[in-house]
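Colleague: Chain residues, written in single-letter form:
Number of protein chains: 2
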Amino acid sequence: MDQNPELAQQITAKVVERMERSKTQIPIGVSNRHAHLSQDHWDVLFGKDTQPRKFRAVKQPGFWAAYETIKIEGPKGEVNNIRLVAPHRPKTQIEISKTDASVLGLRPPVRDSGQLDGSAPVRIIGPKGTIEIKEGLIIARRHIHFHPLEAQAMGVKDGEVVRVRAGTGGPRALIFEDVLIRVSDKFSLELHLDTDEANAAWVKSGDIVNIC
Amino acid sequence: MDQNPELAQQITAKVVERMERSKTQIPIGVSNRHAHLSQDHWDVLFGKDTQPRKFRAVKQPGFWAAYETIKIEGPKGEVNNIRLVAPHRPKTQIEISKTDASVLGLRPPVRDSGQLDGSAPVRIIGPKGTIEIKEGLIIARRHIHFHPLEAQAMGVKDGEVVRVRAGTGGPRALIFEDVLIRVSDKFSLELHLDTDEANAAWVKSGDIVNIC
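Chains as they are written, first to last, in our numbering: chain F, 220 to 431; chain D, 220 to 431.
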C-alpha cells in the first residue's frame, strides 16, 4: 500500500461509500399476491362499462389497490382473492409467491415486472367471465426502489445489484444476494419482497434492512 | 504477523478448517407442514384402537409419514392435509410455515423441535374428534443434521451455529445466518428448511448448499 497511494485512495473511497450505504435505513414493503389487468381482460372478467373501485393507496405513486379480486386456477388447485392493482396496464401481469405456484401446480419464473415473455400461463376467473392467458404469471424479482436523489447519495445506479441484510436480531436473519436496484423519480426508498421472502427472513412491511 | 508466529498458525488452521467446511456438499431436505401427535390426542382425533398406516419413509431414521392427515383451525382460517409423522411422541407438535400461520391468523414462534413451552395454541380436527391444544404449534428453526463422523470431519459441534449459502446460480441466492447444527448418530447430513425458506432461496429437496 505504501508503494501505491492511488490504490490506497481508491480502496478508501470504496470503503467510505460502502459504510455510507450500509448506514442507510431501507424500509421493507412486502408484496402480497396481486394482479394488473389489461383493459380487454378486465372487460371479459368484470364486464364492459364497469370500473375498478379504489380500496386503498399503494406506495407506488399513481397506483392503487381495488376492491375487486380475481381467482386463478392451475392443474393442481386454485388461489383466491388476488387483488387487482389499478389503473390497468397494456398487458395482464399476475404476481404470486412460489408457495401459491405450488398450490396451483404451475411453474412461473422469477421476473422483473413487465418482463413477461415466456412467463407462465394461467386460467383467470372473474365474476363475469374466464380467460386463459398464455403468459403473464410471474414471481416478482426482489428489488429496491430508489428516488434519484437517494441513489446518488448512496452511490448506486439503476440496474446494479447489491446484497441486503434482513431480519437482524430476529430468529431468521439472512442476506439476500443479487437484489436489483431500480431508480425512478416516481419511486421512494423501499425494498420489495414477496411473502415467501419476508417469511423466510421473519420480517414484515416497515421493518428496516441495510445494504451490506 | 512476522512478530507472532503462533497467531499466524492459529489463523492458518482456522482458514483451512473453513475451506474444508465450505467444500462439503450438504443436501437440502424441505419440510412441508406436518404433525407429531401424542397417543392421547391420536385417540381423540382418530379413535382408540386404531393405528396410523405407513405412507412413506422420511429421512430421519425410525420415523415415517402416515396416510392420515389432520386439519387445523385458527381465528382467520384453516389449513388442511397436515400429514402425521409416526410413531407418536410424548407431546403433540405441529410444524407449519409462516405462510400457513398467516392463513390461520396465529403467531407460532420459531422453535427447535421439542421446545414447546409457550408455543402457540391451535384447534385440531380429525375424522373422529376435535382438540384445542394450549401449546404445540411452532415454525421449525432451520438446522443441519450431522452424523458424529461428519461433524468431526468438518470441525463442527452440536449446538454451534453456521452460515449457509443457498440457491447459488439461481435467481434468488441468499445466505442463511444462524443455522443450528444438530449432531446425532441417528442423523445423516442434511439441511432442513421449511417451504417459505426453500421458496425464498429458490431451492428444493436434494439441492446442494455449502457452509460459508
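I should point out that these hints are in silico values taken from the structure, not numbers from a laboratory.
Worth double-checking, as some hints may not be accurate.
Copies of one chain are not kept apart here, so a pair can be met inside one copy or by any two copies together.
When the alpha-carbon atoms are kept at most 35 Å apart in a straight line, the in silico DSBU-like pairs for lysine-lysine are as follows [what the hints assert, rightly or not]:
no., residue 1, residue 2
1, Lys-295, Lys-242
2, Lys-267, Lys-242
3, Lys-242, Lys-310
4, Lys-267, Lys-233
5, Lys-347, Lys-376
6, Lys-353, Lys-242
7, Lys-233, Lys-295
8, Lys-273, Lys-353
9, Lys-423, Lys-376
10, Lys-278, Lys-353
11, Lys-233, Lys-273
12, Lys-290, Lys-233
13, Lys-310, Lys-233
14, Lys-242, Lys-290
15, Lys-347, Lys-233
16, Lys-295, Lys-376
17, Lys-242, Lys-347
18, Lys-353, Lys-233
19, Lys-423, Lys-267
20, Lys-423, Lys-310
21, Lys-376, Lys-405
22, Lys-376, Lys-267
23, Lys-290, Lys-347
24, Lys-295, Lys-273
25, Lys-423, Lys-295
Colleague: Identify every previously stated hint that the structure contradicts and give their numbers, smallest first.
Modeller: 1, 2, 3, 4, 5, 6, 7, 11, 12, 13, 14, 15, 16, 17, 18, 19 and 22
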